[in-house]
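Keeping their order, the protein sequence lines are chains A and B.
Taking the numbering used here, the leading residue of the first sequence gets 1, the next gets one more, and so forth.
Taking the numbering used here, the leading residue of the second sequence gets 1, the next gets one more, and so forth.
Worth double-checking, as some hints may not be accurate.
In silico DSS-like cross-links for lysine-lysine, where the CA-CA straight-line distance does not exceed 27 angstroms [what the hints assert, rightly or not]:
1) Lys252/B to Lys169/A
2) Lys62/B to Lys109/A
3) Lys52/B to Lys161/B
4) Lys52/B to Lys121/A
5) Lys31/B to Lys169/A
6) Lys52/B to Lys84/A
7) Lys126/A to Lys31/B
8) Lys62/B to Lys65/A
9) Lys245/B to Lys169/A
10) Lys39/A to Lys84/A
11) Lys109/A to Lys31/B
12) Lys58/A to Lys31/B
13) Lys84/A to Lys62/B
14) Lys31/B to Lys121/A
If you are wondering where the hints come from, they were derived from the structure by calculation, not from laboratory data.
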Amino acid sequence: MKEINPKIDRTKKVIEITGLKKAFDDFEVLKGVDLELYKGENLVVLGRSGTGKSVLIKIISGLLKPDEGRVNVLGEEVDRLSPKELDALRLKIGFSFQNSALYDSMTVKENLEFPLIRHSKELTEKDRDRIIRFVLEAVGLSQAMNQMPSELSGGQRKRIGIARTLILKPEIMLYDEPTAGLDPITSIEINKLINEVQRRFNTSSIIITHDLTCAKAVGDRVVMLLDGQFQRQGTFEEVFDTDDERVKAFHNYNFIE
Amino acid sequence: MKGLTGFQPVEMDSSNKNTENTRSRRYVISKRLDRIFLELGHVFAFIARFFKEVWFPPYEIKEVINQCYEIGVRSLPLISLTGFIIGIVFTNQSRPSLADFGATALLPALISVAIVRAMGPLVTALIAAGRVASGIGAELGSMRVTEQIDAMEVSATNPFKFLVVSRVLASTLMIPALTMYTTLVSLLGGYLNVHQNEQTTLITFFYQVFEAITFLDIAASSVKSVIFGFTIGMVGCYKGYNSSKGTEGVGKAANSSVVTAMFLIFIEELLIMQVINALRVF
Ligand SMILES: Nc1ncnc2c1ncn2[C@@H]1O[C@H](COP(=O)(O)OP(=O)(O)O)[C@@H](O)[C@H]1O
Ligand SMILES: [Mg+2]
Chain A
1 MKEINPKIDR
11 TKKVIEITGL
21 KKAFDDFEVL
31 KGVDLELYKG
41 ENLVVLGRSG
51 TGKSVLIKII
61 SGLLKPDEGR
71 VNVLGEEVDR
81 LSPKELDALR
91 LKIGFSFQNS
101 ALYDSMTVKE
111 NLEFPLIRHS
121 KELTEKDRDR
131 IIRFVLEAVG
141 LSQAMNQMPS
151 ELSGGQRKRI
161 GIARTLILKP
171 EIMLYDEPTA
181 GLDPITSIEI
191 NKLINEVQRR
201 FNTSSIIITH
211 DLTCAKAVGD
221 RVVMLLDGQF
231 QRQGTFEEVF
241 DTDDERVKAF
251 HNYNFIE
Chain B
1 MKGLTGFQPV
11 EMDSSNKNTE
21 NTRSRRYVIS
31 KRLDRIFLEL
41 GHVFAFIARF
51 FKEVWFPPYE
61 IKEVINQCYE
71 IGVRSLPLIS
81 LTGFIIGIVF
91 TNQSRPSLAD
101 FGATALLPAL
111 ISVAIVRAMG
121 PLVTALIAAG
131 RVASGIGAEL
141 GSMRVTEQID
151 AMEVSATNPF
161 KFLVVSRVLA
171 STLMIPALTM
181 YTTLVSLLGG
191 YLNVHQNEQT
201 TLITFFYQVF
211 EAITFLDIAA
221 SSVKSVIFGF
231 TIGMVGCYKG
241 YNSSKGTEGV
251 GKAANSSVVT
261 AMFLIFIEEL
271 LIMQVINALR
281 VF
């Protein structure tokens, strides 16, 4: 069980979403979502597959456009920004993809260099090397520098994916199913890493998952996405302290499997 | 009156059914048409985006050079072999018909026109469609499926510019170069065959080759291969970039890249041939 981060600043909202709706053709995925993320907080979004969790963070990072509602990230309305302004905002958001999304054709080092070369042009090669070493050490994979992504295990790929987002010092981290497809021990290591990132880099994070162990380990606050809306929120215990069959089913299913 | 009314429901019923039927059939057709036009709209938007973005920095020069290497240099072995063999075979197969008229001396001129005007550009483009368009389609398709394109976008790098613009540029530059090379290798193959059978010297052969073609032939071939190159890059990128999710999306993207590119190349060949023929008499 996670100790709630004492550094959470409940007066500062880094993300504020109200009345968010999103449909694909006739299929409504998000039906009015309200959410706020406070500075320094780890917010876990729980939900079954296909409930629109990924859609939610893709809207936050501007990959998808909302149909209705306000999406405010770091004081900016995401869907109203020009491409340039959106890019500037995106540099403050780290996005860890479900399958890590490492660039297959590049080595680990080139993967990490890719954002640096483009966005920190003032850095010399030596500076870049130093930063790369630093983030690799932060995710505990210093030895992987010259390997290709295909040579890494799932857990290692996840770490490199997280390192690649940390390299631009984001204020917000979005994790899409960080433990999906990993064995329990590796999952626990990734959970620890998420907490360490929160502490060391002072980030506010949204962690999307259907893994309750993960939710328990990393969440300062948990919300549950059911039927396109957030039905429950609070600490992990508070969320599951209910008679709602759907919530109970989710809990039981997770611990049987 | 009674008889009429007695009939009427039946008539109405059947006519009703009929319209219903045609209506639903029309509905299906119109839906399909809608989809075709929607797709066409996407294609034009994609091409327009290329022309909008190609002029402005950041120019991903390093990636363009990488792709030129990938598309140009890596295609050389296959192109060399194919071009050479086509030169030999084409010459060999043309000989009997000319021999009937005792005109084998015209062989170099015949080969020259056929290869420079048509076979060089076409063979290069078809081979590139098989190798390059499918390669680009599969690569971008798998990048789309594994969210690498999204990852690029959220790290504030324009994936269209980095991936699409660079590949289309490289293909537009390299296919003409490859075409020139294929043409030369084919002619060389033709020369070997002619030399062996008619004992023509290299100098005489190439003298006759250049005698037979005009500036318009070379210009037309160059323009044609630029258009082929653009088509190949564009088709591969469009199919890959818009590939559907799931692993089968990658295979589909690669496959339909080849089919579509080849189809378009033949259509373009036909159209360009008409234009050139019109220019010849102009
Ligand atoms: N780009 C898209 N186009 C059409 N449908 C989509 C798209 N993205 C997601 N969906 C649909 O939205 C629903 C929610 O998807 P997603 O957010 O990926 O679920 P999850 O909660 O498992 O992450 C799914 O049914 C999916 O089919
Ligand atoms: Mg998902």
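Each hint, compared with the structure:
no.: 1; hint: Lys252/B to Lys169/A; result: violated (38 angstroms)
no.: 2; hint: Lys62/B to Lys109/A; result: holds (17 angstroms)
no.: 3; hint: Lys52/B to Lys161/B; result: holds (10 angstroms)
no.: 4; hint: Lys52/B to Lys121/A; result: holds (25 angstroms)
no.: 5; hint: Lys31/B to Lys169/A; result: violated (48 angstroms)
no.: 6; hint: Lys52/B to Lys84/A; result: holds (16 angstroms)
no.: 7; hint: Lys126/A to Lys31/B; result: violated (58 angstroms)
no.: 8; hint: Lys62/B to Lys65/A; result: violated (32 angstroms)
no.: 9; hint: Lys245/B to Lys169/A; result: violated (31 angstroms)
no.: 10; hint: Lys39/A to Lys84/A; result: holds (25 angstroms)
no.: 11; hint: Lys109/A to Lys31/B; result: violated (49 angstroms)
no.: 12; hint: Lys58/A to Lys31/B; result: violated (30 angstroms)
no.: 13; hint: Lys84/A to Lys62/B; result: holds (23 angstroms)
no.: 14; hint: Lys31/B to Lys121/A; result: violated (50 angstroms)
Of the numbered hints listed earlier, those contradicted by the structure are 1, 5, 7, 8, 9, 11, 12, 14.
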